[in-house]
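Going down the list, the protein sequences come from chains U and G.
Using the numbering used here, the first residue of the first sequence is number 238, and each one after it goes up by one.
Using the numbering used here, the first residue of the second sequence is number 2, and each one after it goes up by one.
Please keep in mind that the hints were generated in silico from the structure rather than gathered at the bench.
We put the beta carbon where it would ideally sit given N, CA and C, even for glycine.
Mixed in with the good hints there might be a few duds.
[To be verified] What follows is a list of derived Cβ distance ranges for each label pair:
1. S80/G <-> R280/U: 22 to 32 Å
2. N299/U <-> R16/G: 40 to 50 Å
3. T114/G <-> K292/U: 14 to 24 Å
4. T242/U <-> T39/G: 30 to 40 Å
5. R64/G <-> M248/U: 34 to 44 Å
6. R16/G <-> N295/U: 46 to 56 Å
7. M248/U <-> G85/G: 43 to 53 Å
8. G335/U <-> Y11/G: 31 to 41 Å
9. T39/G <-> N295/U: 14 to 24 Å
10. Q294/U <-> N72/G: 37 to 47 Å
11. R280/U <-> G85/G: 33 to 43 Å
12. G43/G <-> A309/U: 19 to 29 Å
[What the hints assert, rightly or not] Selected chain G positions facing chain U (in silico; Cβ < 10 Å):
13. S34
14. P62
15. R64
16. Q105
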Amino acid sequence: AQTVTQSQPEMSVQEAETVTLSCTYDTSESDYYLFWYKQPPSRQMILVIRQEAYKQQNATENRFSVNFQKAAKSFSLKISDSQLGDAAMYFCAYRSEGFQKLVFGTGTRLLVSP
Amino acid sequence: KAGVTQTPRYLIKTRGQQVTLSCSPISGHRSVSWYQQTPGQGLQFLFEYFSETQRNKGNFPGRFSGRQFSNSRSEMNVSTLELGDSALYLCASSRGGLAGGNEQFFGPGTRLTVL
Numbered sequence: 238a239q240t241v242t243q244s245q246p247e248m249s250v251q252e253a254e255t256v257t258l259s260c261t262y263d264t265s266e267s268d269y270y271l272f273w274y275k276q277p278p279s280r281q282m283i284l285v286i287r288q289e290a291y292k293q294q295n296a297t298e299n300r301f302s303v304n305f306q307k308a309a310k311s312f313s314l315k316i317s318d319s320q321l322g323d324a325a326m327y328f329c330a331y332r333s334e335g336f337q338k339l340v341f342g343t344g345t346r347l348l349v350s351p
Numbered sequence: 002k003a004g005v006t007q008t009p010r011y012l013i014k015t016r017g018q019q020v021t022l023s024c025s026p027i028s029g030h031r032s033v034s035w036y037q038q039t040p041g042q043g044l045q046f047l048f049e050y051f052s053e054t055q056r057n058k059g060n061f062p063g064r065f066s067g068r069q070f071s072n073s074r075s076e077m078n079v080s081t082l083e084l085g086d087s088a089l090y091l092c093a094s095s096r097g098g099l100a101g102g103n104e105q106f107f108g109p110g111t112r113l114t115v116l
């Protein structure tokens, strides 16, 4: 079974600074997808960024980018120019090719201070 | 385009009762997945429905069941409620294709409290 590990329960960053959230996963599959979801206090889960395992190029969405290291099974999220609105729980998730089921990590709470 | 809606948003039940939660996916989406979120267990997959058929199931007891209607709306039912069933229940919808990075959109969740 696939597992996702987020070893940082909480991270802090100041506005305008950069922060990196870590995620590692375990799988024997070669085709899969990785996601970062944001869950603000309102509880609505929002997709931040996704990465296809077959793509070597790291995904980027505006201030959000990932560092995908397939051999190391590592998938970190970098948030640049942090904003107060970035404060939330961030979940790393894995999805196998051929399935809709998402396997989530335990989450990292991101605190953003002015 | 309207997002995923879940009703009710909050529910309080007592042990032994049963409960039904509803999820309306985004128009055009045929797949609905359900997740349970608790502080202790985190986010866990319950099941997924596609075109009225359960396509995948997580590791939950038979007290947890679901169904999907022809308009893709989905319901999940929990019978004989236990204190441990207190959780945020999230549903997510997608177009349903299994190939490709099929994006799932989440609803706001239903907060169930079992007393």
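For each hint, the structure was consulted:
1. S80/G <-> R280/U: 22 to 32 Å: Between S80/G and R280/U, where Cβ atoms are some 25 Å apart, the hint holds.
2. N299/U <-> R16/G: 40 to 50 Å: holds (47 Å)
3. T114/G <-> K292/U: 14 to 24 Å: violated (43 Å)
4. T242/U <-> T39/G: 30 to 40 Å: Given range 30 to 40 Å: violated, Cβ gap about 18 Å.
5. R64/G <-> M248/U: 34 to 44 Å: Check passed, 37 Å falls within 34 to 44 Å.
6. R16/G <-> N295/U: 46 to 56 Å: Taking Cβ atoms as reference, R16/G and N295/U lie about 49 Å apart, which means the hint holds.
7. M248/U <-> G85/G: 43 to 53 Å: violated (30 Å)
8. G335/U <-> Y11/G: 31 to 41 Å: holds (36 Å)
9. T39/G <-> N295/U: 14 to 24 Å: Since the Cβ atoms of T39/G and N295/U sit about 32 Å apart, the hinted range of 14 to 24 Å is violated.
10. Q294/U <-> N72/G: 37 to 47 Å: With a Cβ separation near 39 Å, Q294/U and N72/G satisfy 37 to 47 Å, so the hint holds.
11. R280/U <-> G85/G: 33 to 43 Å: Given about 20 Å between the Cβ atoms, the range is violated.
12. G43/G <-> A309/U: 19 to 29 Å: Between G43/G and A309/U, where Cβ atoms are some 23 Å apart, the hint holds.
13. S34: Holds - the Cβ of S34/G comes within 10 Å of chain U, reaching about 5 Å at its closest.
14. P62: Violated: closest Cβ of chain U sits about 18 Å from P62/G, beyond 10 Å.
15. R64: violated (20 Å)
16. Q105: Q105/G check passes; min Cβ-Cβ to chain U is 7 Å, inside 10 Å.
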